[in-house]
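S.K.: Chains as they are written, first to last, in this note's numbering: chain A, 776 to 890; chain B, 616 to 729.
Hint data in this document are derived by calculation from the structure and do not stem from the laboratory.
Computed from a predicted model, the values in this text were never measured in an experiment.
Incorrect hints may have been included.
Stated by the list, open to error - One-sided excerpt, in silico: chain A residues whose CB lies under 7 Å from chain B: (1) T814; (2) L818; (3) Y825; (4) G828; (5) P858; (6) Y880; (7) P883.
Glycine included, C-beta positions come from ideal geometry on N, C-alpha and C.
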Amino acid sequence: EAAVTQSPRNKVAVTGGKVTLSCNQTNNHNNMYWYRQDTGHGLRLIHYSYGAGSTEKGDIPDGYKASRPSQENFSLILELATPSQTSVYFCASGEGSGTNQDTQYFGPGTRLLVL
Amino acid sequence: AQKVTQTQTSISVVEKTTVTMDCVYETRDSSYFLFWYKQTASGEIVFLIRQDSYKKENATVGHYSLNFQKPKSSIGLIITATQIEDSAVYFCAMRGYSNYQLIWGSGTKLIIKP
Numbered sequence: 776e777a778a779v780t781q782s783p784r785n786k787v788a789v790t791g792g793k794v795t796l797s798c799n800q801t802n803n804h805n806n807m808y809w810y811r812q813d814t815g816h817g818l819r820l821i822h823y824s825y826g827a828g829s830t831e832k833g834d835i836p837d838g839y840k841a842s843r844p845s846q847e848n849f850s851l852i853l854e855l856a857t858p859s860q861t862s863v864y865f866c867a868s869g870e871g872s873g874t875n876q877d878t879q880y881f882g883p884g885t886r887l888l889v890l
Numbered sequence: 616a617q618k619v620t621q622t623q624t625s626i627s628v629v630e631k632t633t634v635t636m637d638c639v640y641e642t643r644d645s646s647y648f649l650f651w652y653k654q655t656a657s658g659e660i661v662f663l664i665r666q667d668s669y670k671k672e673n674a675t676v677g678h679y680s681l682n683f684q685k686p687k688s689s690i691g692l693i694i695t696a697t698q699i700e701d702s703a704v705y706f707c708a709m710r711g712y713s714n715y716q717l718i719w720g721s722g723t724k725l726i727i728k729p
């Protein structure tokens, strides 16, 4: 069964609304990541986490917050969604010690449309 | 600066043949990690295989293997006995030892014809 799951799989939101994307992993990995994928940009890192209670900014954190309440769960929060945040969002978990050595395993993705 | 380049945008081969996808990278780190992922038509991203720069032997997993040429900063993915379900976009990615960031190539679309 899938080790990294995301919910919802599809979401339509209104501009200015709050959106929460959830990710759960059963790999027992310490590291978790949030990416967005847009045509022409590939995968871009938004936030990541070393473990429960920690969140770090990635390459494009503006407009996003992250929360890691437990080893298994990592959420991405858009407090005030904008149309530019329309994208496909992927969560990943990583094994190994430290983020510079891990192999990342991805969830199925969430398609977000902000109108 | 770190960079990963996949020059082949699309490759088409007949089923059951062998295909090689190219990837070159740039890094100043003496140790680094190289990965290949596959993205299916449904959008799923699947980890395939990994090569750590300090290992001399080419990694092999199932019908995937790597051609790691460190002096050329090259990490090619070889798929033997291709199947229709291998049709996907293949991404090469790299992380330098000193950097948390996973640098991605632009992907190569592989089409397997019957």
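S.K.: It remains to establish, for every hint, whether it holds in the given structure.
M.R.: Cross-check of the supplied hints:
no. : hint : result
1   : T814 : 11 Å, violated
2   : L818 : 5 Å, holds
3   : Y825 : 10 Å, violated
4   : G828 : 18 Å, violated
5   : P858 : 21 Å, violated
6   : Y880 : 6 Å, holds
7   : P883 : 6 Å, holds
Of the numbered hints stated above, those contradicted by the structure are hints 1, 3, 4 and 5, listed in ascending order.
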